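Engineer: Knowing the structure of chain W, use the given hints to seat chain C on it.
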Amino acid sequence: MPGNSTETNEAFSAYVAARQHVLVRTAFLLTGDHHSAEDLVQAALARTYLAWGRIRDEYAIDAYVRRIMINEHTSWWRRAWRHRERVTDQLPEPPPAAELDLGQRDEVWELVQTLPPKQRAVVVLRFYEDLTEADTADALRCSVGNVKSQTSRALASLRKRLAPGSGTPGNGFISTEGGITR
Amino acid sequence: MTSDLQDKFTESLRRHAEPVSAGPGLAQSAHRRALRLRMRRRIAAGAACLIALAVAIPLGYNLLGGPVRTDIAPAGTNEVRIDVGTLSRGPDPRIPWFQDGAIHDGDRTVPIQGRPGATYSFVPTAGGYLLLDEDNQAFRWVGKDGAVIRSMPNEAIEGLPVVSADGRTLAWTQIVGNGEGSTLVTADAVTGTLLHRKPVPGHVAVAVGFIGDAVVSSEEAPDGGTTRWWEPKTGVFVTVDHVAAAYGTNGRNVLVADSAGSPVEPCLGVFDPTKDSSKLWDKCSLQLALYASSADGKLLAFMSNDESPKIYVFDARTGKLRLTVDGVESVHNMTFEPGGSLLVHGAEGTERFLVRCTLSGTCEAASDPIDERKVPAPVLPGPNN
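From first to last, the protein sequence lines are chains W and C.
Going by this note's numbering, 71 is the number at position 71 of the first sequence; the sequence numbering is gapless.
Going by this note's numbering, 330 is the number at position 330 of the second sequence; the sequence numbering is gapless.
What the hints contain is simulated information worked out from the structure, not anything from laboratory work.
Values in this document were obtained by computation on a predicted structure and should not be read as measured data.
Incorrect hints may have been included.
As the list claims (entries may be wrong) - With a straight-line Cα cutoff of 30 Å, these simulated DSSO-like cross-link-like pairs (lysine-lysine) come out:
hint, chain 1, residue 1, chain 2, residue 2
1, C, Lys233, C, Lys144
2, W, Lys118, W, Lys160
3, C, Lys8, W, Lys148
4, W, Lys160, C, Lys8
5, C, Lys279, C, Lys310
6, C, Lys8, W, Lys118
Here chain W stands alone, though its shape is the one from the complex (with noise of 0.2 Å):
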C-alpha cells in the first residue's frame, strides 16, 4: 500500500471512484434510505482513510469498508435504540419503507427493513453481496454457528410473512435482536 500522503491521497481519492456505487449500494441495503447510505459510506471511508497504511492487501479494503459500514450501522441503530429507550421504554418502530417507488410492493423488502442490524446485514452479505458464511462470519465478527443462525431466522420470518393468510405485513410486527416475533 502506499507510504506517503500524496500516494494515499490519490490511492484513496481512486479507490473511492471505483467503488463508491458498489458502496452506497450496500450501504442503501443496510440503511434503507439513500442519505443515510451516503452518510454512512463517508464514514465508513473516512476511517479506511486514516487506515489505508495498515491495510496491507489492496484487495481486502472493500472486506474493510464493509466492516466498518456494519459496525457503524450497528452503531447508530444502538443510539436510537437507546434514545428511544430513555424517551419512550418502547423498542424502536421498524423504519420507514424505501423512498423509491418500485410499482408494486414488496414484502421481502418490507421484511429486510423491519430486521434487527445485525440480522439484516447477514441477509445483506449473504444473499446480495454473496459472501460465503465463513467470509460474512468474518465481516461481523462473529461465529459462522451465529451466521447461520441469524440466516435461519431471517428465512423463517420470510417464510411466516409470505405464508399465506398471515396477515398484512407489518402488523404486529416488533423487531427484536433475536428475529422478528409476534
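Structural biologist: Relative to the frame of chain W, chain C by itself:
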C-alpha cells in the same frame, strides 16, 4: 423451499439496490470527512501535548458576558505573512523538538534509541516524554535522561495520548474489536502505570483532552457527534450539553468543539465545560484544520482548512483575535512556546524548517533549513504527520 426464499431475498435486494448510485460529490465529501477526522485526532494530540509545558502568560480577560461572535480579522490585529526567503535566523525552539535522533529540550539533548534516521511522534510529560515509534507499534515512556521507563505495545490505541495540564496524567482511547466499542484509559505520565479504565460499549469515544482531572472524549456520528466528560476518580461519565464532537481542550476551562444542532454546517465554538458548557465565543465561518493551545491555556491557535491556510491566534476566553499568520506553506503541526509565540513548519521547495511568529507580528526561522529528501525535518511535539 429454502433456496426459493434465498432467491427471493436476492431478487428483492438487487431490485432495490440497482437504482441506487452515489451522489456526485461523494468522493470529495468522503475525502473531506477523512481529513476532518484525521485533523481532529491530530488536533487532540497536538493540543494536549502543549499543556504539560506550564508557563504563565499575563493577559487581561473579559470574563463577563455571553458568547462573542468574533470577526476573522478586525482592525488593529497583528497580521504577518511568512516570507521564507527573508526570514532571519532566531534562536532554536524553546520547547522540546526532535531532530537527528534526539529530543532537544532546552540545554538537554536526549538521545532516542532506534533506527538512524527514524522520526517519532512524542508528547512532553512531567517526567520526560511519551514516544510513539515510527511504525506506530509501541509507546515508550522516556525520562529526561533518555532512559526508557516503560514500553507498551500499541494495541489499537487511537492517535497519541493526551496529557493533563500538569503533565502527570495521560489519557487515551483503545478501540475494541473493529470499532464495536472503545475503552478510555488513564495512566501515570511519568511511570506509565495504568490508573483507570472506562469501557464505552457501542461507541468509539476518542480522548481529546483534559479539563483539570476530567477526561473529555468525543465521538463522530452523523448527527454531529457527542462529547462526554469522564471523571476517572469518581466514575462520573456524562454527556456535555450544547456541543457536538470536540476537537480539544486547553487543559483547564476551555473546550473547542462544534456546536450541537447543525451537523450539516458545523459551527466551531469555544465553550466553558466547567460552567454548564456555556459558549464563550464561536467562529462559525472557520473550517478548522489544526488547533493548538498555549501551555497556560490562555491562547488558542486555529489553522483554517483552506487551500491557502491561515493561522489565527485568539484569546481563549474572549475570542479576541491577537494574530493572523498568512503564507503558511506546509504545516504538519504547530506549537506555542512560552511567552505566546507560535512555532510552525515552513517550507521552500524541498527545504523544511521551523518558523517562529510572535504576537507582535514578526516571524523568524527557528531552525536551519533541512532538505527533507536527505534528512528528516525537525519534529514538533504532537503527531508526526
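Engineer: Any of the earlier hints contradicted here, and which numbers?
Structural biologist: none
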